[in-house]
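**Q** Chain by chain, the residues run as shown.
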Amino acid sequence: MHINTANWHKYMALPAFLLFSLFFLFPLFRGLQLSFTAWDGFSTPEFIGLRNFIQFFSDKRALGDMKTTLLFALGSAPLLNLCGLSLALLLNSGFRGRHLVRSLVYLPAVISPMIMGSVWYLLLQPQRGIFYLWLERVSVEPGNWMLHHGSALILIILVNVWQYAGMTMIIYLAGLQAIPEEQYEAAALEGSGRWKVFRYITLPWLFPSIRINVITNIIGSLSVFEIILALTDGGPGYATESLSIYIMRMCYGNKTGYSTAVAIILFFIIMVPVLITLRGLNRMGESYE
Amino acid sequence: MNRLALSKIPRYAAVMAVTLAAVTPFYALILIALKNPEGGLGAIRMVPDFYLLNFITAWEKSRMGRAFANSLVITAGAVFLVVFLAGMAGYSIGRVRSRLNRVIFMIFLLCMMIPGIINTVPLYTLLIRLKGINTYWAMIAVLGVNALPFSVFLYSGFIRAMGGALEEAALIDGCSYFDSYWRITLPLLKPVTASVVILQGLGMWNNYAQAVFFLQKGSMRTIPLAISLFFKQYGADWPVMAAAAILGLIPPVAAFLLFQKFFIQGITTGAVKG
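Line by line, the protein sequences give chains A and B.
The opening residue of the first sequence carries number 1 in the working numbering; numbering runs sequentially from there.
The opening residue of the second sequence carries number 1 in the working numbering; numbering runs sequentially from there.
Hints are computed from structural coordinates only; laboratory data are not their basis.
Be aware that one or more of the hints could be misleading.
Here are the simulated lysine to any residue pairs, SDA-like style, with alpha carbons at most 25 Å apart [said to hold, decoys possible]:
#1 B/Lys-190 x A/Leu-19
#2 B/Lys-232 x A/Phe-131
#3 B/Lys-8 x A/Gly-94
#4 B/Lys-261 x A/Leu-100
#5 A/Lys-196 x A/Glu-185
#6 B/Lys-232 x A/Gln-33
#7 A/Lys-60 x A/Cys-83
#8 A/Lys-60 x A/Leu-89
#9 B/Lys-261 x A/Arg-96
#10 A/Lys-67 x B/Gly-116
#11 B/Lys-61 x A/Arg-137
#12 B/Lys-61 x B/Asp-179
#13 A/Lys-10 x B/Arg-183
#14 B/Lys-261 x B/Phe-84
#15 A/Lys-10 x B/Asp-179
#16 B/Lys-261 x B/Ile-9
#17 B/Lys-217 x A/Lys-60
#18 A/Lys-255 x B/Pro-115
#19 B/Lys-232 x A/Tyr-121
#20 B/Lys-131 x A/Lys-10
#21 A/Lys-60 x A/Pro-204
#22 B/Lys-232 x A/Gln-125
#23 A/Lys-60 x A/Gly-75
#24 B/Lys-131 x A/Leu-100
#25 B/Lys-8 x A/Leu-89
#26 B/Lys-8 x A/Asn-254
#27 A/Lys-67 x B/Met-113
#28 B/Lys-190 x B/Gly-163
#29 A/Lys-10 x B/Leu-81
#30 B/Lys-131 x A/Leu-18
#31 A/Lys-255 x A/Gly-75
#32 A/Lys-196 x B/Ile-9
#33 B/Lys-261 x B/Val-197
Modelling step: build the complete structure from the supplied sequences, incorporating the hints.
**A** The structure is reproduced here in structure tokens:
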């Protein structure tokens with residue numbers, strides 16, 4: 001039997017899209033719907049209007065988690081970009097062994113953040129962790145740095161930057177390597193200074209890399225999950241808990257409806273800075289052209 | 001030493017510092033993992049003890065063998081699903097400029113910005129109803145679907161850039177576009193497929209945020225789940241915990257060392273062209 005496949009290619013995106021609709025889009029809209037209900041995950045969801053959202057803003061733990069999430073992102077996203085760019089500029093120059101160093105810097109990014117976080121948990125534990133003991137030996141007294149909100153959050157940020165700086169670096173490196181050599185030669189002929197070369201050649205060419213890195217780092221840091229679970233488990237108390245961890249715990253704590261509302265709020269917490277940044281970056285991009 | 005060599009010293013110092021920062025945590029981890037428990041826990045020397053029994057204990061107690069098999073089945077299944085679906089979708093989107101394809105592509109692009117945690121809870125309730133909790137198929141479907149937007153983006157970009165000269169030759173011979181995808185285009189997609197397999201496969205292998213919801217039974221644990229649980233249960237025996245962590249991070253590190261080129265390619269395709 002001959003099957004006529006003349007038109008099939010027009011609909012070849014449908015299988016992917018149908019499965020995506022079932023396991024991604026449907027839950028997304030179902031979550032939006034559930035966010036207006038009180039639901040324990042078992043019985044029938046009860047429509048309660050905006051009560052979940054109102055509750056969120058009087059829920060001390062949720063507000064604390066929002067603050068932790070925002071502080072983490074404010075520390076982590078800029079630092080990741082800064083470190084990634086510095087590393088790329090440093091390791092782009094020609095010296096022996098640069099490929100090895102690049103690989104070593106990138107290596108942590110291929111490991112599960114859950115496992116990497118667990119490793120750092122061992123290294124940083126007060127009184128017992130190797131890094132803690134080394135610091136003590138050179139008479140820096142870190143104290144119980146995992147038990148204070150501020151220092152614990154700083155450690156979490158640093159561990160996250162350590163793990164993913166290599167990822168950001170690779171993208172900046174690719175951007176740097178796409179710059180044609182003639183551009184630099186022309187600048188050298190004109191006798192331009194280092195800063196001028198960076199500002200008028202490197203920066204505009206790096207623009208696509210900057211955009212992708214800034215956006216992915218904003219999204220990634222605002223949805224931080226594993227690193228915190230592994231390092232502090234959200235503690236002490238709920239001091240370092242992030243919103244994504246809160247969503248999971250509310251879901252298991254029979255507050256399924258509420259947890260979907262928190263997810264919707266997190267969605268906006270992520271989308272607003274992403275859209276603002278994209279707009280700002282696009283405007284900046286136009287000024288380069 | 002001449003002036004040129006001198007001027008390079010700060011740069012070399014910076015490179016040394018970076019290398020040290022990258023390597024030291026791994027070295028410290030190895031020191032802990034090789035520690036003989038008889039020596040007491042306090043003092044860890046810079047030279048390892050080479051007490052390899054820790055690794056055997058870790059392997060057995062964390063049931064790593066089972067976790068390894070689970071991770072392998074789930075990752076392989078999800079990678080296959082993604083390559084199969086995203087390749088086809090990328091072909092259609094790259095070749096046919098219809099309204100349907102534009103809408104689908106737009107939705108994929110937008111959803112690339114939505115992290116998984118946003119819809120994990122409703123997905124969890126959906127999978128309870130579909131009896132998908134603690135099953136391979138559901139985890140494969142979820143991980144595959146989460147990898148679709150970026151993979152479709154990579155495939156469609158590659159196919160568009162590749163042009164259709166070879167396919168057109170097949171069309172003249174009486175093949176349909178659909179047939180010529182399987183016979184001609186698919187084999188030419190190897191570079192993107194390699195990037196998708198490596199990059200998305202790694203993300204699936206490392207997945208914890210979805211696995212912790214959908215795989216709750218002990219026998220279904222993947223490696224990140226097994227490690228995190230092991231750390232909670234054996235919170236005292238540090239050398240064994242460190243050994244377990246090393247066992248858990250060997251597979252992705254080995255994959256990275258073997259397929260470095262595809263890692264870099266996968267991350268940077270699309271990123272630089274914007």
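**Q** Hey, B/Lys-261 versus B/Ile-9, does the alpha-carbon distance stay inside 25 Å?
**A** Distance ~30 Å between B/Lys-261 and B/Ile-9 Cα, so the pair is violated.
**Q** Need the status of pair A/Lys-196, A/Glu-185: alpha-carbon distance at most 25 Å?
**A** 13 Å, holds
**Q** For the pair supplied as a hint, B/Lys-261 and A/Leu-100, confirm whether the alpha-carbon distance does not exceed 25 Å.
**A** 13 Å, holds
**Q** Just to be careful, I want the Cα atoms of B/Lys-131 and A/Lys-10 compared with a cutoff of 25 Å; is the pair within it?
**A** 34 Å, violated
**Q** Next pair to validate is A/Lys-255 with A/Gly-75; report whether the Cα-Cα distance is within 25 Å.
**A** Status violated; Cα separation ~31 Å.
**Q** Take the C-alpha atoms of B/Lys-61 and A/Arg-137, compute the straight-line distance between them, and say whether it is at most 25 Å.
**A** 34 Å, violated
**Q** Starting from A/Lys-60, check that the Cα of A/Pro-204 is at most 25 Å away, please.
**A** At roughly 44 Å apart (the allowed maximum being 25 Å), A/Pro-204 and A/Lys-60 break the hint.
**Q** Keeping to a limit of 25 Å between CA atoms, is the pair of B/Lys-261 and B/Val-197 held or broken?
**A** Within the cut-off at roughly 13 Å; holds.
**Q** Is A/Lys-255 close enough to B/Pro-115, meaning Cα to Cα at most 25 Å?
**A** Holds - the C-alpha atoms of B/Pro-115 and A/Lys-255 are around 21 Å apart, at most 25 Å.
**Q** Quick one, are B/Lys-190 and A/Leu-19 close enough, alpha carbons at most 25 Å?
**A** 24 Å, holds
**Q** Can the restraint linking B/Lys-232 and A/Gln-125 be considered satisfied, given a maximum Cα separation of 25 Å?
**A** 14 Å, holds
**Q** Does B/Lys-261 pair with A/Arg-96 here, judged by a C-alpha cut-off of 25 Å?
**A** Satisfied, since the Cα-Cα distance of roughly 19 Å is no more than 25 Å.
Checked against the numbered hints listed earlier, the structure breaks hints 6, 7, 8, 11, 12, 16, 17, 20, 21, 24, 26, 31; every other hint is satisfied.
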